[in-house]
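**Q** Just so you know, the sequences run in chain order E and V.
Note that numbering that gives the first Met the number 0 numbers the first sequence so that position 94 is 93, with each residue one more than the last.
Note that numbering that gives the first Met the number 0 numbers the second sequence so that position 230 is 229, with each residue one more than the last.
The reader is advised that the hints may include incorrect statements.
In this list, chains with the same sequence are indistinguishable; a pair is considered to hold if it fits within one copy or across any two.
[Unchecked claim] No more than 25 Å apart at the CA atoms, straight line, and that leaves these computed lysine to aspartate or glutamate pairs for DMTMM-like: (1) 337 / 314; (2) 334 / 107; (3) 449 / 353; (4) 230 / 314.
Bear in mind the hints are in silico, worked out from the structure with no lab data behind them.
Protein chains: 2
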Amino acid sequence: MNASDATRPVLRPYLPATAGFAAGKDSPREFLERCLVALEAWEPRIGAFVTLNLPEARASADRSTARWRAGNPLSPIDGMPLGIKDIIETIDMPTQNGSPLFAGFRSERDAASVAALREAGGVIVGKTVTTEFAATEPRGTRNPWDPSRTPGGSSSGSAAAVGAGVIPVGLGTQVIGSTLRPASFCGCYGFKPTVGALNRGGSYDGLSQSATGMIAASLPEAWQVAYEIVKRTGGDPGFPGLYGPATPPAPARPRQLALLETDGWADASPGARKALDDALARLTQAGIAIATRYDHADIAAAETAIHGARELSFDINAWESRWPINTYSARDASKLSKAMRDRLVQAEAMTVEDYRGMLTERQRRRCVYDALAPEFDACITLAATGAAPVGLHSTGNPVFVVPASMLGIPAISLPVLADGGLPLGLQLMGFADRDAALFSCAGGVLALLK
Amino acid sequence: MNASDATRPVLRPYLPATAGFAAGKDSPREFLERCLVALEAWEPRIGAFVTLNLPEARASADRSTARWRAGNPLSPIDGMPLGIKDIIETIDMPTQNGSPLFAGFRSERDAASVAALREAGGVIVGKTVTTEFAATEPRGTRNPWDPSRTPGGSSSGSAAAVGAGVIPVGLGTQVIGSTLRPASFCGCYGFKPTVGALNRGGSYDGLSQSATGMIAASLPEAWQVAYEIVKRTGGDPGFPGLYGPATPPAPARPRQLALLETDGWADASPGARKALDDALARLTQAGIAIATRYDHADIAAAETAIHGARELSFDINAWESRWPINTYSARDASKLSKAMRDRLVQAEAMTVEDYRGMLTERQRRRCVYDALAPEFDACITLAATGAAPVGLHSTGNPVFVVPASMLGIPAISLPVLADGGLPLGLQLMGFADRDAALFSCAGGVLALLK
Numbered sequence: 000m001n002a003s004d005a006t007r008p009v010l011r012p013y014l015p016a017t018a019g020f021a022a023g024k025d026s027p028r029e030f031l032e033r034c035l036v037a038l039e040a041w042e043p044r045i046g047a048f049v050t051l052n053l054p055e056a057r058a059s060a061d062r063s064t065a066r067w068r069a070g071n072p073l074s075p076i077d078g079m080p081l082g083i084k085d086i087i088e089t090i091d092m093p094t095q096n097g098s099p100l101f102a103g104f105r106s107e108r109d110a111a112s113v114a115a116l117r118e119a120g121g122v123i124v125g126k127t128v129t130t131e132f133a134a135t136e137p138r139g140t141r142n143p144w145d146p147s148r149t150p151g152g153s154s155s156g157s158a159a160a161v162g163a164g165v166i167p168v169g170l171g172t173q174v175i176g177s178t179l180r181p182a183s184f185c186g187c188y189g190f191k192p193t194v195g196a197l198n199r200g201g202s203y204d205g206l207s208q209s210a211t212g213m214i215a216a217s218l219p220e221a222w223q224v225a226y227e228i229v230k231r232t233g234g235d236p237g238f239p240g241l242y243g244p245a246t247p248p249a250p251a252r253p254r255q256l257a258l259l260e261t262d263g264w265a266d267a268s269p270g271a272r273k274a275l276d277d278a279l280a281r282l283t284q285a286g287i288a289i290a291t292r293y294d295h296a297d298i299a300a301a302e303t304a305i306h307g308a309r310e311l312s313f314d315i316n317a318w319e320s321r322w323p324i325n326t327y328s329a330r331d332a333s334k335l336s337k338a339m340r341d342r343l344v345q346a347e348a349m350t351v352e353d354y355r356g357m358l359t360e361r362q363r364r365r366c367v368y369d370a371l372a373p374e375f376d377a378c379i380t381l382a383a384t385g386a387a388p389v390g391l392h393s394t395g396n397p398v399f400v401v402p403a404s405m406l407g408i409p410a411i412s413l414p415v416l417a418d419g420g421l422p423l424g425l426q427l428m429g430f431a432d433r434d435a436a437l438f439s440c441a442g443g444v445l446a447l448l449k
Numbered sequence: 000m001n002a003s004d005a006t007r008p009v010l011r012p013y014l015p016a017t018a019g020f021a022a023g024k025d026s027p028r029e030f031l032e033r034c035l036v037a038l039e040a041w042e043p044r045i046g047a048f049v050t051l052n053l054p055e056a057r058a059s060a061d062r063s064t065a066r067w068r069a070g071n072p073l074s075p076i077d078g079m080p081l082g083i084k085d086i087i088e089t090i091d092m093p094t095q096n097g098s099p100l101f102a103g104f105r106s107e108r109d110a111a112s113v114a115a116l117r118e119a120g121g122v123i124v125g126k127t128v129t130t131e132f133a134a135t136e137p138r139g140t141r142n143p144w145d146p147s148r149t150p151g152g153s154s155s156g157s158a159a160a161v162g163a164g165v166i167p168v169g170l171g172t173q174v175i176g177s178t179l180r181p182a183s184f185c186g187c188y189g190f191k192p193t194v195g196a197l198n199r200g201g202s203y204d205g206l207s208q209s210a211t212g213m214i215a216a217s218l219p220e221a222w223q224v225a226y227e228i229v230k231r232t233g234g235d236p237g238f239p240g241l242y243g244p245a246t247p248p249a250p251a252r253p254r255q256l257a258l259l260e261t262d263g264w265a266d267a268s269p270g271a272r273k274a275l276d277d278a279l280a281r282l283t284q285a286g287i288a289i290a291t292r293y294d295h296a297d298i299a300a301a302e303t304a305i306h307g308a309r310e311l312s313f314d315i316n317a318w319e320s321r322w323p324i325n326t327y328s329a330r331d332a333s334k335l336s337k338a339m340r341d342r343l344v345q346a347e348a349m350t351v352e353d354y355r356g357m358l359t360e361r362q363r364r365r366c367v368y369d370a371l372a373p374e375f376d377a378c379i380t381l382a383a384t385g386a387a388p389v390g391l392h393s394t395g396n397p398v399f400v401v402p403a404s405m406l407g408i409p410a411i412s413l414p415v416l417a418d419g420g421l422p423l424g425l426q427l428m429g430f431a432d433r434d435a436a437l438f439s440c441a442g443g444v445l446a447l448l449k
């Protein structure tokens, strides 16, 4: 079957192919061309990209091909085609932030993550669609599994492109649920690192619980791309950056997991509940202990601590978004969505003292959650309340993924569940700065469930 | 004497004038026009501004005048003419970062601090000269006290403009010594807040020990401008923001000060040493206890902790500057100074593990310094090794002010000393998040020495 005939998405991992590159049986340029065939087939249906730079992508892939042939690749991801969420700056393409206020805007530089990925030999194919300023207002991207459905957001384009098999990895960001939710809806692997773990320089998301994340065709690729970024540019200034090995952490079957229902359980679809219950049954059968709020006091305390995570996170984000929304509003309020204007009104009713109180409350909740670390390998829950909802007017419910954002912890979504024949993610939540341990655990769970 | 005849700088405070505004005897527009007369006289000699927007400044002053007349000023600084360091974004003027790479660059928005100041009624007169990317390469600004001398840097233009009496307050930033050193050299008040205390959104200084600061014609104005910023936009995301009252903290005579020689004492000029010794004698005479490394073990430990502050800070900054310098270098390395290219070479020899080690070391040093907080109201030392040096090729020695940057603590420079008939700052260093207490202490010291 020619890729252009594809009607079902097929994840297109890059990393296993590199053995072929070294042997000369395949090359980054050939890999890219296969991606571009998929792009041609899928892009009209899903609208994942806002800008493409194919001449530069091809030239970059050719340079990578030459390096692999010479036996001198710059990194394991040398030649990997990548999509960059359009709130992250690129020197060769505009950064439009999903906003008409930034139509055609050029920052004249690469973001830290993009510069690092280019140094590692990454092939930047294009800028992927984001909701308005990575917040709520969708920009028309469709889900490759069903174009009548949302791909999720705010990293809509990266998830749709990876989910359709157009690219192996797309950069996203997450402050509420913007990496794991679209990964869940589009059948991709999603990784939101510990807050501060990857340098956000040049990304228009300075919020205190936001993190650059990966939407990927495989778990190892999510790790490797993150690693290549931190190796070259560190974490956010003042943060230690992602801890972990130069190659993907080896899968390790967890001993004990904590099930978190979160505020989401009440909203979960019957299919999603059954999918999670079935997965938990298989894990239990494999000898993994699963504890819950009903039999463990620390888990009950953690459930209480993450209750209302969405509301607290929205409030924190509102204050932290007062700027720059106020300057955008002053420039041309008619070019802001109603959701964005409403957020500004909310922010302008807040005081810095209100904000301090919220930071203190967030920190208190983080400490309660951290008490689970000595006993559990990770927490487990859904990544979404069900399959992607029908309609493009909303990017769906983030209730299951916002706790990890509020807590600043690493989280991974594995595309191993289904709801009504559509993808649904299984979420594993780790502990701050222990991203590598979470990858090992996720790999162990994946081996049992895939 | 007409201001245009001025040959000696005269600080031009704004705040005491507001009584005249309310009474209709003076107005923000008239105040601005007096500033513009000074600008016309001084600017050809000092080159403090890189961009001016006088039509907008006049319109803004007129709106302020109307508000004062109606009895509805937006804040105590409504109508205050301000200069904005040219690494801080302004919607109506380019942000050129002291670099030919950013010639004419427009970010299409106001920085958080600028948006807040406009909301408070501040009148933005223009963008003040910065060294290249707020680092070391000077851009020709001259010292109003002696045009053959540097005004200091990197906030060169803000200090020169305030020192000449052109504007009452200019925004600066400091990651090594970029606010207090030029304040010292130009005879201004300088305030570098606790790290994170003022929102740096839209300022091209994301370094972990950098802070937005004030160079001011008076101590109360430095406080008030900082307060009006934090009230409206908070601190950096995730930080509690500047703590303190809505009006300048009342001066309070300190009980006990810790003298810190720092690495700078060995480099201080005879005149600077004598100026400090004389000031200390007057403070002692007034009943303030001054302890030193020679009679207090905690001070000796703090001296050891700040030894090498410059080297550690340069190394931390180098890693944190790897991006964006690498992307600027990729764009056109010929437009970077040799100092900037050298910094990139240094950064590229570092690893994220090196950086983690430096962060740990910095934190250790901060804890040692913090041990002084229970016993001392503040630490006291020089703000510079002497008067501004002759020549425009260097912005002078930051050795006395870099410890406060490394420690992340608030620091104030008072223009109460002299060296060879030229200004020299007396520095007070406080404790993290206790900026208001430092202001009270500085006010008490000022009352004794001015």
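**Q** Are the hints correct? Go through all of them and say.
**A** Here is how each hint holds up against the structure:
no. : hint      : result
1   : 337 / 314 : within (17 Å within a copy, 45 Å between copies)
2   : 334 / 107 : both (23 Å within a copy, 14 Å between copies)
3   : 449 / 353 : neither (46 Å within a copy, 39 Å between copies)
4   : 230 / 314 : between (33 Å within a copy, 17 Å between copies)
This entry does not satisfy hint 3, going by the numbered hints stated previously; all others are met.
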